[in-house]
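Participant: The lines below spell out each chain.
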Amino acid sequence: QSALTQPPSASGSPGQSVTIACTGTSSDVGGYNSVSWYQQHPGKAPKLMIYEVTKRPSGVPDRFSGSKSGNTASLTVSGLQAEDEADYYCNSYAGSNNYVVFGGGTKLTVL
Amino acid sequence: VQLLESGGGLVQPGGSLRLSCAASGFTFSSYAMNWVRQAPGKGLEWVSGIIDSGTPTYYADSVKGRFTISRDNSKNTLYLQMTSLRAEDTAIYYCAKQMGLSSFDYWGQGTLVTVSS
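Taken in order, these protein sequences are the chains called C and W.
All residue numbers for the first sequence refer to this note's numbering, where the first residue is 4 and numbers rise by one.
All residue numbers for the second sequence refer to this note's numbering, where the first residue is 240 and numbers rise by one.
Here chain C stands alone, though its shape is the one from the complex:
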């Protein structure tokens, strides 16, 4: 069970857009439309931001969007705001043997 690959850090200025990549294999990210993204602020539980690659749960701002191409999924945060500064994690279904795999996380800094 190998973790999905995310960049350790990303940054952008308020109002800008930033994209975080999540790279897996054809056995996880590339094989299923079941990639999710989570936001975690320090000391808090993770919060679901995107599910099934592109869908947003109720209450998540439309500044957050997801996409996928091949074995790489991406989270884009548009119109960056100070409160977007957090850690972001992707996860994917990985089949009946490995079930679920997470990415290593990306610390997003709003400059």
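Hints were generated in silico from the structure; no laboratory data involved.
Every residue, glycine too, gets a C-beta built ideally from N, C-alpha and C.
Among the clues, some could well be false.
Negatives, chain W to chain C, calculated, CB over 10 Å [unchecked claim]:
no.	residue
1	Q251
2	K314
3	Q320
4	G349
Chain W is nowhere near these chain C residues, computed Cβ spacing over 10 Å in every case [as the list claims (entries may be wrong)]:
no.	residue
5	A13
6	S16
7	S68
8	A85
9	E88
So the derived label-pair ranges between C-beta atoms look like this [as the list claims (entries may be wrong)]:
no.	chain 1	residue 1	chain 2	residue 2	range
10	W	G304	C	S29	25 to 33 Å
11	C	G82	W	N315	37 to 45 Å
12	W	S269	C	T57	18 to 26 Å
Given the coordinates of chain C, assemble chain W onto it according to the supplied hints.
Facilitator: Here is chain W on its own, set in the frame of chain C:
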């Protein structure tokens, strides 16, 4: 929806611990549930999952053979029995409600497990 974990604490290497997660606000018996952990200063690691009926169950390689996930749908409670604990099992353990194949839409506040002598 509310998920409330309990049972964490300090345990010696080789010891055992049972975590519980009390669920409310949704039809517990209709959803798969999972345990996800986070070591201090580290990322999220999926630990184990169980479907709505209780079988089958799934485990990360790092805990296979040592941890057992179970659920009591009559008590709306999820469990994680942890044995042969190691220092590297030290983490905050979250229970999470599953939506679809692998999305976790609700999380508990977590319970801290510390394995140390």
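Participant: If a hint holds in the structure, say so; if it does not, say that too.
Facilitator: Hints, verified against the model:
1. Q251: At roughly 27 Å from the nearest Cβ of chain C, W:Q251 sits farther out than 10 Å, so the non-interface label holds.
2. K314: W:K314 is indeed farther than 10 Å from all Cβ atoms of chain C, at 22 Å.
3. Q320: holds (18 Å)
4. G349: For W:G349, whose nearest Cβ neighbour in chain C is about 6 Å away, the distance does not exceed 10 Å, so it is violated.
5. A13: holds (15 Å)
6. S16: At about 26 Å from chain W, C:S16 clears the 10 Å cut-off, so the statement holds.
7. S68: holds (16 Å)
8. A85: At roughly 23 Å from the nearest Cβ of chain W, C:A85 sits farther out than 10 Å, so the non-interface label holds.
9. E88: holds (17 Å)
10. W:G304 x C:S29: 25 to 33 Å: holds (28 Å)
11. C:G82 x W:N315: 37 to 45 Å: holds (40 Å)
12. W:S269 x C:T57: 18 to 26 Å: holds (25 Å)
The earlier numbered hint that this structure contradicts is number 4, and it is the only one.
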